[in-house]
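Please model the entire structure based on the sequences and the hints provided.
Residue strings, one per chain:
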Amino acid sequence: MGEGKAGIGYNGIMRQTIPQPESMPDVPGSQTIVSVTGLSKRFGERLVVDNISFVIQRGQCVGFLGPNGAGKTTCINMLLGLVEKSAGKIRVFDLEAPRFHREIKARIGVVPQADSLDPDLSVEENLRTYAGYFRMPRRLARKRVDELLHFFALHNRREEIIEHLSGGQRRRLLLARALLNEPELLILDEPTIGLDPQARHLIWERLAILQAQGTTMLLTSHYLDEVARLSQQVLILDHGHVVVQGEPRQLITDLVGLEVFEVEGTPAELEAMGASFAQCNARLERVGDKLYVYAREDCSRLTKVMDTSGSWVRRPANLEDLFIQLTGRSLRES
Amino acid sequence: MYLQKRKKVTGSQHTINKLPTNTRCNRGFFAISTIMRGFSFCTIWLRNWRVWKKHILAALIGNLGQPLLFLLAMGYGLGRDVGPMNGLTYLQFIAPGLVASAVMYSAALETTYGSYTRLTVQKTYEAILMTPLGVVDLVLGEIVWGASKGLLAGVIMLLALPLFGVVPSPWVLALLPVLFLSGMFFSAFGLIMTALAKNYDFFNYFTSLVITPLFLFSGIFFPVQTMAQPVRGLLEMLPLTPIVSLARIFCYGRFDEPILLKFLGSILVTGCAVWLAGYLLRRRLIQ
Numbered sequence: 001m002g003e004g005k006a007g008i009g010y011n012g013i014m015r016q017t018i019p020q021p022e023s024m025p026d027v028p029g030s031q032t033i034v035s036v037t038g039l040s041k042r043f044g045e046r047l048v049v050d051n052i053s054f055v056i057q058r059g060q061c062v063g064f065l066g067p068n069g070a071g072k073t074t075c076i077n078m079l080l081g082l083v084e085k086s087a088g089k090i091r092v093f094d095l096e097a098p099r100f101h102r103e104i105k106a107r108i109g110v111v112p113q114a115d116s117l118d119p120d121l122s123v124e125e126n127l128r129t130y131a132g133y134f135r136m137p138r139r140l141a142r143k144r145v146d147e148l149l150h151f152f153a154l155h156n157r158r159e160e161i162i163e164h165l166s167g168g169q170r171r172r173l174l175l176a177r178a179l180l181n182e183p184e185l186l187i188l189d190e191p192t193i194g195l196d197p198q199a200r201h202l203i204w205e206r207l208a209i210l211q212a213q214g215t216t217m218l219l220t221s222h223y224l225d226e227v228a229r230l231s232q233q234v235l236i237l238d239h240g241h242v243v244v245q246g247e248p249r250q251l252i253t254d255l256v257g258l259e260v261f262e263v264e265g266t267p268a269e270l271e272a273m274g275a276s277f278a279q280c281n282a283r284l285e286r287v288g289d290k291l292y293v294y295a296r297e298d299c300s301r302l303t304k305v306m307d308t309s310g311s312w313v314r315r316p317a318n319l320e321d322l323f324i325q326l327t328g329r330s331l332r333e334s
Numbered sequence: 001m002y003l004q005k006r007k008k009v010t011g012s013q014h015t016i017n018k019l020p021t022n023t024r025c026n027r028g029f030f031a032i033s034t035i036m037r038g039f040s041f042c043t044i045w046l047r048n049w050r051v052w053k054k055h056i057l058a059a060l061i062g063n064l065g066q067p068l069l070f071l072l073a074m075g076y077g078l079g080r081d082v083g084p085m086n087g088l089t090y091l092q093f094i095a096p097g098l099v100a101s102a103v104m105y106s107a108a109l110e111t112t113y114g115s116y117t118r119l120t121v122q123k124t125y126e127a128i129l130m131t132p133l134g135v136v137d138l139v140l141g142e143i144v145w146g147a148s149k150g151l152l153a154g155v156i157m158l159l160a161l162p163l164f165g166v167v168p169s170p171w172v173l174a175l176l177p178v179l180f181l182s183g184m185f186f187s188a189f190g191l192i193m194t195a196l197a198k199n200y201d202f203f204n205y206f207t208s209l210v211i212t213p214l215f216l217f218s219g220i221f222f223p224v225q226t227m228a229q230p231v232r233g234l235l236e237m238l239p240l241t242p243i244v245s246l247a248r249i250f251c252y253g254r255f256d257e258p259i260l261l262k263f264l265g266s267i268l269v270t271g272c273a274v275w276l277a278g279y280l281l282r283r284r285l286i287q
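As given, the protein sequences belong to chains A and B, one line each in that order. First residue of the first sequence: 1, per our numbering; consecutive thereafter. First residue of the second sequence: 1, per our numbering; consecutive thereafter.
Wrong hints could be hidden among the right ones.
To be verified - Here are the simulated distance ranges between beta carbons:
hint, chain 1, residue 1, chain 2, residue 2, range
1, A, R138, B, I286, 29 to 37 Å
2, B, L46, A, G288, 53 to 61 Å
3, B, A174, A, N68, 55 to 63 Å
No wet-lab data here; the hints were simulated from the structure. Every residue, glycine too, gets a C-beta built ideally from N, C-alpha and C.
As structure tokens, then:
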């Protein structure tokens, strides 16, 4: 942390002394949207969320990552008052949760993991009914529904029954539903799960537009490219703890390295390869008949050595490397 | 850097217009509507109404088929060989009770099979709880909805009675709130079962061990008052028995039994059932 360049934990004094033109412009009214301190949740004997603290600033998109059962959804549900916390403090929009859950939920939009659209109602009826739960005046609701149906390219399916919609259309409708109340915080729990690439890209594009308009987001996803694309901050959870939090690019370079070589070969070849990589500042990992080299500096001089092996790939280090490094390779089946 | 680039790429062809702040639902709305909050459950009632309208025919036939067939088989079929009861023909004797039973079936089935589907398969409750509505709104919405369906079934039965030669007295209007109350009770009872159910099979126990016995032993088909004492006391404690008596009293305008105790007792058990339904559903929904 003493190096001063780290994105995590650099302190306020630096910010004052060094002008930072590249930092996000200070939006008027910029403030903390969510602040969670020492949050814990116990289900019987099992501690699902263990002393978690984090903040979400207005306009940010925070990626919530973690293997299955890490406590992500429990955390989100505690923000919404759907799960009672065992300990800790939650403030959303500077209101105490769950005491003010109505006021808080009136200003949040949620895209749930599981499809909870009303199968008996049409696309438009689904939205109108949901607007009713927010007690939106009819005229306003009609206008808003129209806008959202256009925004998510669903306007020519407004009379359609939910059953006849594709997976992508359902997800878009869930997103439209979450945006009805013009939420100040949008919670996305696996927004593109099970979608084809076309449908995912369409959703990403719309989310990017919302982000450009300043919508604050909390995103959970197992698609780490999605998180890298959308989030300015990530928070990796494992076994109910926050393992790391910070700016994704910075975390990757700090904790994983610059680039990754994936080398395939016989055990003997990989052994030899490993020895030659000792000359370079890199971390090695053997998985089956593959050798992963996480290089912290430019190791291109070693590509010659690698040419002797079967095959190899060189790529930039990414969020997935960070995730695996921090949470391990073992399967989590809860 | 990566993100800044993306932000520029995102063009302006699709944008959502921000609405003026004073019309934003969340601010203006909550300022004026602390009192209205108590009626938030109406929006849930409305949701159920919208869905029900789409299946109106199936819903009505499903609920009314049984009591009407019973009226036909027992009233006409069996009734011809059964002497007058309490000064009424057998058909006249059972008709008001069958109206009460139609309310019971309609309300209890709605908040068991119907509510359980919304709770589990359709995740409607989950979606609703992500809005400003809470569990109390949900429970009230479901119970009042079930009671409304029950009342409707009862009213249709009453309207059908003249076809069988049974003409109710004007006092029958006083029966409507009683039927609604009974609908509230059986909706709440059904919702209690839903809150406890692990799967749909659970409701088979409910119908065969609770609803069917109530149908048979609540004084619809035979007068409870003439039974020997321990049995009579037991049957009079059943929740449907006072409703059946009240139905008969108001249907013919013959006040041959005290009504106040039946009425107050029904209000009391309904209140308890609604509270318990709320408690159990909250326990199931909020972990």
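Hints, one by one, checked against the model:
Checked against the given bound of 29 to 37 Å, the beta carbons of A:R138 and B:I286, roughly 31 Å apart, stay inside it. In this structure the hint that B:L46 and A:G288 lie 53 to 61 Å apart at CB holds, the actual value being about 58 Å. Checked against the hint of 55 to 63 Å, the pair B:A174 and A:N68 passes, with Cβ atoms roughly 59 Å apart.
Violation of the numbered hints given earlier is absent; every hint is satisfied by the structure.
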